[in-house]
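Peer 1: Please model the complete structure; the sequences and the hints are all you need to start from.
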Amino acid sequence: MGEIEEQDCIVVIDDDYAMRLSCRQTLSKSGYPVEVFEDGAQGLEGVARLKPALVLVDLKMPGLSGMEVIARIHEIDPNIVIVVITGYATIHTAVDAMKAGAYDFLPKPFKPDELRLIVRRGLERRRLHLESRQAEIERELLKRRFVTFVSHQLKSPLAAIHQYLDILKRLGDTEETRARQGEWLDRCLVRSRELQQIINDWLTLASVEGETFSRQRVEVDLNEVVSGILKAYEKTAEESGVSLHNELLGNAYLVRGDRNCLSVLFDNLIINAIKYNKPSGCVTVSGMEREGEVVIEIKDTGIGIPDKYREFLFDEFFRVKNGDPGKTAGTGLGLPICKRIVSELGGSIEVESTENIGSVFRVRLPAFSGDKEAREHSGEAE
Amino acid sequence: MASQIKILVIDDDVDFRESVKAILEAEGYIVLEAASGREGLEQLVEHRPHLIILDVMMETLEEGYGVNQAIKFQDAYADYRQVPIVMVSSIMETPFERYPRAEEVEMIRPDVYVTKPLDVPRFLEIVKKAVEKTKPS
Chain A
1 MGEIEEQDCI VVIDDDYAMR LSCRQTLSKS GYPVEVFEDG AQGLEGVARL KPALVLVDLK
61 MPGLSGMEVI ARIHEIDPNI VIVVITGYAT IHTAVDAMKA GAYDFLPKPF KPDELRLIVR
121 RGLERRRLHL ESRQAEIERE LLKRRFVTFV SHQLKSPLAA IHQYLDILKR LGDTEETRAR
181 QGEWLDRCLV RSRELQQIIN DWLTLASVEG ETFSRQRVEV DLNEVVSGIL KAYEKTAEES
241 GVSLHNELLG NAYLVRGDRN CLSVLFDNLI INAIKYNKPS GCVTVSGMER EGEVVIEIKD
301 TGIGIPDKYR EFLFDEFFRV KNGDPGKTAG TGLGLPICKR IVSELGGSIE VESTENIGSV
361 FRVRLPAFSG DKEAREHSGE AE
Chain B
1 MASQIKILVI DDDVDFRESV KAILEAEGYI VLEAASGREG LEQLVEHRPH LIILDVMMET
61 LEEGYGVNQA IKFQDAYADY RQVPIVMVSS IMETPFERYP RAEEVEMIRP DVYVTKPLDV
121 PRFLEIVKKA VEKTKPS
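Each protein sequence line maps, in turn, to chains A and B. According to my numbering, the first sequence is numbered sequentially starting from 1. According to my numbering, the second sequence is numbered sequentially starting from 1.
Treat the hints with care, as some may be off.
Claimed, not checked - In silico DSSO-like cross-links for lysine-lysine, where the CA-CA straight-line distance does not exceed 30 Å:
(1) Lys-155(A) <-> Lys-129(B)
(2) Lys-72(B) <-> Lys-155(A)
(3) Lys-128(B) <-> Lys-72(B)
(4) Lys-308(A) <-> Lys-129(B)
(5) Lys-155(A) <-> Lys-169(A)
(6) Lys-155(A) <-> Lys-99(A)
(7) Lys-278(A) <-> Lys-308(A)
(8) Lys-133(B) <-> Lys-72(B)
(9) Lys-155(A) <-> Lys-143(A)
(10) Lys-21(B) <-> Lys-169(A)
(11) Lys-155(A) <-> Lys-275(A)
(12) Lys-51(A) <-> Lys-108(A)
(13) Lys-129(B) <-> Lys-169(A)
(14) Lys-60(A) <-> Lys-29(A)
(15) Lys-111(A) <-> Lys-99(A)
(16) Lys-128(B) <-> Lys-169(A)
(17) Lys-129(B) <-> Lys-21(B)
(18) Lys-155(A) <-> Lys-21(B)
(19) Lys-128(B) <-> Lys-21(B)
(20) Lys-155(A) <-> Lys-128(B)
(21) Lys-339(A) <-> Lys-231(A)
(22) Lys-231(A) <-> Lys-299(A)
(23) Lys-135(B) <-> Lys-21(B)
(24) Lys-143(A) <-> Lys-60(A)
(25) Lys-6(B) <-> Lys-155(A)
(26) Lys-169(A) <-> Lys-6(B)
(27) Lys-339(A) <-> Lys-308(A)
(28) Lys-299(A) <-> Lys-339(A)
(29) Lys-235(A) <-> Lys-339(A)
As the list claims (entries may be wrong) - Estimated spans, in silico, between C-beta atoms of each pair:
(30) Ala-252(A) <-> Glu-39(B): 45 to 53 Å
(31) Ala-48(A) <-> Asp-111(B): 38 to 46 Å
(32) Phe-146(A) <-> Glu-42(B): 30 to 38 Å
(33) Asp-111(B) <-> Gln-42(A): 52 to 60 Å
(34) Asp-111(B) <-> Thr-177(A): 26 to 34 Å
(35) Pro-121(B) <-> Val-147(A): 26 to 34 Å
Note that these hints are calculated values from the structure, not bench results. The C-beta atom is built at its ideal place from N, Cα and C for all residues, glycine as well.
Peer 2: So, in structure tokens, the structure goes:
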């Protein structure tokens with residue numbers, strides 16, 4: 001509570017007794033705590049002590065000039081709003097005062113309502129300013145945490161590789177190290193592949209964000225894209241004992257977009273569905289078109305995603321811990337890439353999942369409506 | 001002498017645990033492993049190690065600090081408060097940067113903070129010195 005009062009405190013610095021009195025009366029009546037001072041030196045002491053939100057200062061006073069007071073107030077706290085009161089409301093003095101950092105000026109004589117209005121506006125401006133500063137600080141903090149996180153993700157595999165190489169060199173040729181050598185070298189390869197994949201995904205994400213990657217807008221048949229991807233993963237799926245079903249076959253699902261981009265999107269979703277599946281599980285891709293929208297579903301019969309993780313699923317570097325160290329960890333960038341691509345193309349992505357039963361990723365994209373778009377194009381040409 | 005000294009390594013990176021284990025076992029230490037903060041605290045109570053090697057960023061950004069704080073301040077771990085903690089992270093950010101207020105640092109300060117990849121000879125020095133106080137006599 002005290003904070004609000006402190007924030008809204010107003011200081012009046014004026015050598016004219018009548019002026020101090022009337023300002024105090026008017027502002028007190030509006031509910032502001034007010035302190036008045038009769039010269040610059042005392043006023044500055046008051047400002048330093050009270051940390052007011054707003055200061056009304058007379059430009060022409062004996063002793064310290066109003067201009068000097070303005071500068072000193074902002075040395076104390078640059079966020080204090082200063083309104084100058086001047087009996088000689090020439091453009092010059094007003095402009096000088098504003099240059100020195102005053103927010104506005106109030107020419108004498110003024111009505112109580114004018115005073116109230118200018119004070120209210122000044123305080124509002126201060127509030128907005130402080131809010132945007134706060135938002136900026138939060139953004140900065142978020143950015144810093146993100147950088148920390150990215151470097152951690154990049155450094156971890158590198159540190160692991162480094163340490164294996166170090167111990168291989170250091171521990172020498174004992175029977176025990178010989179036995180584990182092969183395993184350690186294999187881990188080095190796994191981790192260096194992981195690192196490469198993170199960098200690749202990171203670059204993909206950056207290029208989608210930079211729109212260089214997703215710029216092209218052509219007619220793309222998703223059946224064609226998905227069929228190609230499923231074919232490419234036939235062997236991988238077979239090795240994991242997962243069967244692949246394409247229910248898009250025989251139909252065209254036309255959207256407008258970038259072919260590469262759409263390939264990356266469905267590639268990520270399909271490989272996830274294979275990777276996070278169970279032995280003898282299956283992956284089914286189905287589709288429909290309705291109300292100008294193409295909806296593609298990628299359904300797996302896998303481990304599912306625990307409820308508590310659902311909201312973080314599309315965050316960069318988020319990975320669900322499934323406690324299975326045998327599986328290769330993803331980069332934590334696949335789904336953020338998907339989300340980014342889908343939103344670049346004006347669509348959306350959502351997930352439904354039941355733990356140990358499986359997940360369904362549903363991608364919605366605006367349908368390519370040949371006639372309409374052709375008309376628009378010819379319209380542009382005219 | 002070192003054969004009875006137990007060291008608990010808490011890190012979610014299986015390869016870090018594996019390589020630290022190899023380094024420490026070669027020196028004759030007994031190594032216990034935990035893949036998360038929670039598991040680490042369980043192992044602490046169960047095995048009463050003489051030293052803890054603790055990763056900072058595990059499932060969450062500050063998991064290691066949480067473990068450190070729990071051991072130092074929660075009543076449940078009062079018996080283990082004297083177990084020295086060496087914090088490790090691949091990030092060159094010391095606790096002093098993370099907790100800018102001096103009194104906070106004093107409260108959560110780990111006994112030592114080192115970065116990954118480990119400088120092995122220095123790390124072994126740190127370990128040796130840290131277990132001086134707690135090793136079985």
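Peer 1: Indicate, hint by hint, whether the structure satisfies it.
Peer 2: Quick rundown of the hints versus the structure:
1. Taken as a hint, the Lys-155(A) and Lys-129(B) pair is honoured in the structure, with Cα atoms around 28 Å apart against an allowance of 30 Å.
2. Of the pairs offered as hints, the one joining Lys-72(B) and Lys-155(A) holds, with about 29 Å between alpha carbons and a cut-off of 30 Å not exceeded.
3. Distance check on the hinted pair: Lys-128(B) and Lys-72(B) sit about 21 Å apart at the alpha-carbon level, within 30 Å; holds.
4. For a cut-off of 30 Å, the pair hint linking Lys-308(A) to Lys-129(B) is broken: about 42 Å separates their Cα positions.
5. A C-alpha spacing of about 21 Å is found between Lys-155(A) and Lys-169(A), which places the hinted pair at or below 30 Å, so the restraint holds.
6. A threshold of 30 Å between alpha carbons decides the hint, and for Lys-155(A) with Lys-99(A) the separation of about 50 Å lies outside it, so the pair is violated.
7. Simply put, Lys-278(A) and Lys-308(A) have alpha-carbon atoms about 21 Å apart, close enough for the 30 Å limit, and the pair holds.
8. Distance hint between Lys-133(B) and Lys-72(B) is fulfilled; the C-alpha atoms sit about 17 Å from each other, no more than 30 Å.
9. Proximity of Lys-155(A) to Lys-143(A) is assessed by CA-CA distance (about 18 Å); at most 30 Å being required, the pair is judged to hold.
10. At roughly 15 Å between alpha-carbon atoms, Lys-21(B) and Lys-169(A) fall within 30 Å of each other, so this suggested pair holds.
11. Restraint check for Lys-155(A) and Lys-275(A): the C-alpha separation of about 24 Å stays at or below 30 Å, so the hint holds.
12. Distance check on the hinted pair: Lys-51(A) and Lys-108(A) sit about 26 Å apart at the alpha-carbon level, within 30 Å; holds.
13. Our distance criterion of 30 Å between C-alpha atoms is met by Lys-129(B) and Lys-169(A), whose separation comes to about 25 Å.
14. Taking the CA atoms of Lys-60(A) and Lys-29(A), the gap is near 26 Å; set against the 30 Å cutoff, the hint holds.
15. With a CA separation close to 25 Å, the supplied pair Lys-111(A) and Lys-99(A) stays within the 30 Å bound.
16. Restraint check for Lys-128(B) and Lys-169(A): satisfied, since their Cα atoms lie roughly 22 Å apart, inside the 30 Å limit.
17. A C-alpha spacing of about 18 Å is found between Lys-129(B) and Lys-21(B), which places the hinted pair at or below 30 Å, so the restraint holds.
18. This hinted pair checks out: Lys-155(A) and Lys-21(B) have alpha carbons roughly 20 Å apart, not beyond 30 Å.
19. Distance hint between Lys-128(B) and Lys-21(B) is fulfilled; the C-alpha atoms sit about 15 Å from each other, no more than 30 Å.
20. Only pairs whose Cα atoms come within 30 Å are accepted, and Lys-155(A) paired with Lys-128(B) is accepted, the gap being roughly 27 Å.
21. Restraint check: the Cα-Cα separation between Lys-339(A) and Lys-231(A) comes to about 24 Å, which is no more than 30 Å; the hinted pair holds.
22. Simply put, Lys-231(A) and Lys-299(A) have alpha-carbon atoms about 17 Å apart, close enough for the 30 Å limit, and the pair holds.
23. Between Lys-135(B) and Lys-21(B) the alpha-carbon distance is near 18 Å, which keeps this suggested pair within the 30 Å criterion.
24. Straight-line distance between C-alpha atoms of Lys-143(A) and Lys-60(A) comes to about 47 Å, which puts the hinted pair past the 30 Å bound.
25. Distance check on the hinted pair: Lys-6(B) and Lys-155(A) sit about 28 Å apart at the alpha-carbon level, within 30 Å; holds.
26. Taking the CA atoms of Lys-169(A) and Lys-6(B), the gap is near 25 Å; set against the 30 Å cutoff, the hint holds.
27. Distance hint between Lys-339(A) and Lys-308(A) is fulfilled; the C-alpha atoms sit about 19 Å from each other, no more than 30 Å.
28. Between the alpha carbons of Lys-299(A) and Lys-339(A) the distance comes to roughly 17 Å, so the proposed pair stays at or under 30 Å and holds.
29. Distance check on the hinted pair: Lys-235(A) and Lys-339(A) sit about 27 Å apart at the alpha-carbon level, within 30 Å; holds.
30. Checked against the hint of 45 to 53 Å, the pair Ala-252(A) and Glu-39(B) passes, with Cβ atoms roughly 52 Å apart.
31. At about 43 Å, the CB distance of Ala-48(A) to Asp-111(B) agrees with the hint of 38 to 46 Å.
32. In this structure, Phe-146(A) and Glu-42(B) meet the distance hint of 30 to 38 Å, their C-beta atoms being roughly 32 Å apart.
33. Here the CB-CB span from Asp-111(B) to Gln-42(A) is close to 54 Å, well matched to the stated 52 to 60 Å.
34. Between Asp-111(B) and Thr-177(A), the C-beta spacing of about 30 Å keeps the proposed range 26 to 34 Å intact.
35. Taking the beta carbon of each, Pro-121(B) and Val-147(A) are about 31 Å apart, inside 26 to 34 Å as hinted.
Going through the hint list in order, the structure does not satisfy hints 4, 6 and 24.
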